[in-house]
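There are 2 protein chains.
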Amino acid sequence: MNNIGHRLKEVRTERGLSLRELARMASVSPSFLSQIENGKSQPSVATLYSFSKLLGVQIDDLFGPSEDDDIVPETGAQAHEITERSDFTNPSQVWNTSEYTNRISLIHPDHRAALDMAEGVKWQRLAATPEAGVNFMKISYAPGSTSTASGEMLTHEGYEYGYVLEGELEVTVGGEVFSLQAGQSLGFDSSIPHIFANRGDVVSTGIWFVHGVCSRK
Amino acid sequence: MNNIGHRLKEVRTERGLSLRELARMASVSPSFLSQIENGKSQPSVATLYSFSKLLGVQIDDLFGPSEDDDIVPETGAQAHEITERSDFTNPSQVWNTSEYTNRISLIHPDHRAALDMAEGVKWQRLAATPEAGVNFMKISYAPGSTSTASGEMLTHEGYEYGYVLEGELEVTVGGEVFSLQAGQSLGFDSSIPHIFANRGDVVSTGIWFVHGVCSRK
DNA sequence: CACTCTGTTCGGTACTAGTTAACACCCTTG
DNA sequence: CAAGGGTGTTAACTAGTACCGAACAGAGTG
Numbered sequence: 001m002n003n004i005g006h007r008l009k010e011v012r013t014e015r016g017l018s019l020r021e022l023a024r025m026a027s028v029s030p031s032f033l034s035q036i037e038n039g040k041s042q043p044s045v046a047t048l049y050s051f052s053k054l055l056g057v058q059i060d061d062l063f064g065p066s067e068d069d070d071i072v073p074e075t076g077a078q079a080h081e082i083t084e085r086s087d088f089t090n091p092s093q094v095w096n097t098s099e100y101t102n103r104i105s106l107i108h109p110d111h112r113a114a115l116d117m118a119e120g121v122k123w124q125r126l127a128a129t130p131e132a133g134v135n136f137m138k139i140s141y142a143p144g145s146t147s148t149a150s151g152e153m154l155t156h157e158g159y160e161y162g163y164v165l166e167g168e169l170e171v172t173v174g175g176e177v178f179s180l181q182a183g184q185s186l187g188f189d190s191s192i193p194h195i196f197a198n199r200g201d202v203v204s205t206g207i208w209f210v211h212g213v214c215s216r217k
Numbered sequence: 218m219n220n221i222g223h224r225l226k227e228v229r230t231e232r233g234l235s236l237r238e239l240a241r242m243a244s245v246s247p248s249f250l251s252q253i254e255n256g257k258s259q260p261s262v263a264t265l266y267s268f269s270k271l272l273g274v275q276i277d278d279l280f281g282p283s284e285d286d287d288i289v290p291e292t293g294a295q296a297h298e299i300t301e302r303s304d305f306t307n308p309s310q311v312w313n314t315s316e317y318t319n320r321i322s323l324i325h326p327d328h329r330a331a332l333d334m335a336e337g338v339k340w341q342r343l344a345a346t347p348e349a350g351v352n353f354m355k356i357s358y359a360p361g362s363t364s365t366a367s368g369e370m371l372t373h374e375g376y377e378y379g380y381v382l383e384g385e386l387e388v389t390v391g392g393e394v395f396s397l398q399a400g401q402s403l404g405f406d407s408s409i410p411h412i413f414a415n416r417g418d419v420v421s422t423g424i425w426f427v428h429g430v431c432s433r434k
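Listed in order, the protein sequences are those of chains G and W. Following this note's numbering, the numbering of the first sequence begins with 1 at its first residue and continues without gaps. Following this note's numbering, the numbering of the second sequence begins with 218 at its first residue and continues without gaps.
Please note: incorrect hints may appear among the correct ones.
Simulated pairs of lysine-lysine, DSSO-like, Cα-Cα distance not exceeding 30 Å [what the hints assert, rightly or not]: (1) G:Lys40 / G:Lys9; (2) G:Lys9 / G:Lys53; (3) G:Lys53 / G:Lys40; (4) G:Lys53 / W:Lys226; (5) G:Lys40 / W:Lys257; (6) W:Lys257 / G:Lys53; (7) W:Lys226 / W:Lys257.
I should point out that these hints are in silico values taken from the structure, not numbers from a laboratory.
Make a model of the complete structure from these sequences and hints.
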């Protein structure tokens, strides 16, 4: 956090300015500027702002090199599927009553239970817990596929959360249409009519979480 | 110059965060945040920095009027993080009750609220819904990091579900230790003492879903 | 030598960042 | 209805620090 002083000195010398010069421009005392640069004191936002303007630098640039993490394409994890289709109204009940041996469910990609929900639409269960009305799954939409074959919107109790892994997924919730890219996420009240579609030309996958009425403790 | 408070409020509400929530994340008092937003006080650089990270906004964006629009063509998604740590007992309450403008929350990778939970451990919220005790997030464990600095196991009500995106994550639940690779997933009762650690030498990320006792409706 | 530039350090003070109240308001719940 | 959650706002106070002036050590000049 003191690198702000370090960065400040760096930029100042880059500009060929002396400490006193910059201090005068910013109307602070040279001593104070020195203290700042050496991490012995911290400027107020106002003086920091002055510095950034005087040096022609983004304030954020004074906080040191910004490091960011993120997202690596995910290597495809394939799974075995059970090709089965079911009529359902509430997705949170699809796998519901799972027999669980212990209170921990750990599933390898090769051993996920799977469902074909519609043409090109697959659901793979990611965990089986004793919780009722809760589903944690990986979904996959082939290009051109839609969550309901008929194209009608679905409504059910509970909430739904999603994170797009790859591809693009068009989400229609209520009146609104969003296009989710990899890395984007959403959450919404499932009682709002909704439907998903893959309008792109590559398969779209995501991590989805659906839970219905919360089963009381 | 007080527009910094104005902008702050603007961005905060955009993110669907309540004043108290943001205050808690930045570990300042709600009253102080209110004073800042109303131009009656000014934050220190440190707290300003926290805000910018928590809200996923450039510090400079907090000064001027919001003139910028979507940057983000295709450059891969990066997320902003914070430098903040919070005491918590139940992870499902960290971001809890957010004031939500509509019933749909859609979040871009660049705009995720984030928390540093422990050394090298980051949580990024993936959706803000009115649901209490529900958290949908992306977690990231730096090599060598552990979910609790002290190394003690956590216990809280509710259930927890996870999917590993990249890297390797060692999961200890109850007496058992598992090593999750990319693509593997799990679910378990959070009342079982648990702890996570990244024993590998690359960062480990995953999609996590934690919900406490399901409340209401 | 005196003079001028560089940046640094030591005390001190005036100010303010941040706190803990208590406040008013709106919703739900019982 | 009151009780209890949520929301944001304000007042009074204090501990800390942002910032100053002065006095410092060098390094060039001439």
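Now the hints, each set against the structure:
| no. | hint | verdict |
| --- | --- | --- |
| 1 | G:Lys40 / G:Lys9 | holds (13 Å) |
| 2 | G:Lys9 / G:Lys53 | holds (15 Å) |
| 3 | G:Lys53 / G:Lys40 | holds (22 Å) |
| 4 | G:Lys53 / W:Lys226 | holds (24 Å) |
| 5 | G:Lys40 / W:Lys257 | holds (27 Å) |
| 6 | W:Lys257 / G:Lys53 | holds (24 Å) |
| 7 | W:Lys226 / W:Lys257 | holds (13 Å) |
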